[in-house]
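J.: Residue numbering for the sequence shown follows UniProt numbering, starting at 1 and increasing by one per position.
Take these hints with a grain of salt, some might be off.
No farther apart than 30 Å at their CA atoms in a straight line, the calculated lysine-lysine pairs in the DSSO-like style are these [claimed, not checked]:
1. K43 <-> K116
2. K217 <-> K116
3. K43 <-> K63
4. K63 <-> K109
5. K29 <-> K112
6. K29 <-> K217
7. K112 <-> K63
8. K43 <-> K109
Here are the computed distance ranges between Cβ atoms for each label pair [said to hold, decoys possible]:
9. S272 <-> L298: 15 to 21 Å
10. M269 <-> P78: 20 to 26 Å
11. A83 <-> G148: 22 to 28 Å
12. Q49 <-> S8: 21 to 27 Å
Hints listed in this document are in silico derivations from the structure and should not be mistaken for laboratory results.
For glycine and all other residues, C-beta sits at the position ideal for the given N, C-alpha and C.
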Amino acid sequence: MSNVTHISRENPQYCIDAAAVPAARVGSKAQLVFETHDARGGKLREAWQVHQTTPDFSERFPKVNPVTGPVFIDGAEPGDTVAVRIIEIGLDDQGFILVKPDMGITHGKVEKPIAKICRVVAGEVLFDDLRFPVSPMVGVIAVAPAGGPISPALVGRYGGNMDCKRVAVGATLYLPVQVAGAMLYVGDIHASMGDGEVTGTGIEIGGSVTVEVELMKGNARQWPWLETETDIISIASAPTYEEAGRIGVDQMIDLLGTRLGLNPTDAYMLISAIGDVRINQSCGSTADISVRVEMPRLGHGIIRHQDR
Numbered sequence: 001m002s003n004v005t006h007i008s009r010e011n012p013q014y015c016i017d018a019a020a021v022p023a024a025r026v027g028s029k030a031q032l033v034f035e036t037h038d039a040r041g042g043k044l045r046e047a048w049q050v051h052q053t054t055p056d057f058s059e060r061f062p063k064v065n066p067v068t069g070p071v072f073i074d075g076a077e078p079g080d081t082v083a084v085r086i087i088e089i090g091l092d093d094q095g096f097i098l099v100k101p102d103m104g105i106t107h108g109k110v111e112k113p114i115a116k117i118c119r120v121v122a123g124e125v126l127f128d129d130l131r132f133p134v135s136p137m138v139g140v141i142a143v144a145p146a147g148g149p150i151s152p153a154l155v156g157r158y159g160g161n162m163d164c165k166r167v168a169v170g171a172t173l174y175l176p177v178q179v180a181g182a183m184l185y186v187g188d189i190h191a192s193m194g195d196g197e198v199t200g201t202g203i204e205i206g207g208s209v210t211v212e213v214e215l216m217k218g219n220a221r222q223w224p225w226l227e228t229e230t231d232i233i234s235i236a237s238a239p240t241y242e243e244a245g246r247i248g249v250d251q252m253i254d255l256l257g258t259r260l261g262l263n264p265t266d267a268y269m270l271i272s273a274i275g276d277v278r279i280n281q282s283c284g285s286t287a288d289i290s291v292r293v294e295m296p297r298l299g300h301g302i303i304r305h306q307d308r
């Protein structure tokens, strides 16, 4: 694909909004490069700045998790699907991770917010005198919801702050279109993030995300789902883990019915036998808990008898 559309991070967005002025308009298949800021808009460059860069959470749309976009996709209508294939994730030279007294899966570990600046050098994150390989992923990919603007810190059927570490290079994310034009947003890169994102942050970092988007007419599913070379993954969210897990498993049952021709009972049993329910993000924030259900694709850990 020869034409690539670049979307600058010079005008970060702090809400995901169907009524926003598009930053770009593309056809039903296009390659895009989204430049993105980190979760604090690129303002937290030294650890002591953690206090002066704290978002005002009394605002309707706090300045957290800025996204780039939106991109209007010609011909996209509710009921369609937008496929977003991650081609490349470029990282800035440093990011941050922080801990707050009242945020995360456990509280009271610190008396005040503490940030750590982590440089990225030669494909590794420098964590004081420790280092580990980068594992870039995209925290927020969203189409605009139909119900009005929403913070990019939140998550739902439209995508949003899924914080799923499998949204990485080589994966394709499928999003159900909610409004005309889809209005695609991208942001919240991490140089590395563990399942659960237990403090509320991974290695938050700015950078760029190169994607190929393709409009698929009709047959939209109720929730986003993800496909990699080896796995098929349903993504769901809800206020509690139990409800999010139920939605994710129900979505996977439906996916397995489509892919493998299984009835719901057999699909449910197969998930219990070889599937994994994992927590993407459960960090005690205002966002719902995000989970994923992973199953191997046919030919990758699961085969039919006649294929032997």
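J.: Q49 and S8, beta-carbon distance inside 21 to 27 Å?
T.: holds (24 Å)
J.: K63 and K109 were given as a pair; does the straight-line alpha-carbon distance stay at or below 30 Å?
T.: holds (25 Å)
J.: Has the given pair, K43 with K109, been kept, meaning a C-alpha gap of at most 30 Å?
T.: It holds: about 25 Å lies between the C-alpha atoms, which stays within 30 Å.
J.: Given the hinted pair K43 and K63, is their Cα-Cα distance within 30 Å?
T.: holds (11 Å)
J.: For the pair we were handed, K43 and K116, check the Cα-Cα distance against 30 Å.
T.: Answer holds: K43 to K116 is near 14 Å, not above 30 Å.
J.: Has the hinted range 15 to 21 Å been met by the Cβ atoms of S272 and L298?
T.: holds (18 Å)
J.: Check the hint pairing K112 with K63 against an upper bound of 30 Å on the C-alpha distance.
T.: holds (20 Å)
J.: Should the hint that M269 and P78 are 20 to 26 Å apart at their CB atoms be regarded as holding?
T.: violated (34 Å)
J.: Between A83 and G148, does the C-beta distance stay in 22 to 28 Å?
T.: holds (25 Å)
J.: Given the hint that K29 pairs with K217, does the C-alpha gap stay at or below 30 Å?
T.: holds (12 Å)
J.: Given the proposed pairing of K217 with K116, does the C-alpha separation stay at or below 30 Å?
T.: violated (45 Å)
J.: Would the hint linking K29 and K112 be met if the CA-CA limit is 30 Å?
T.: violated (47 Å)
Hint check: violations occur at hints 2, 5, 10; the rest are consistent with the structure.
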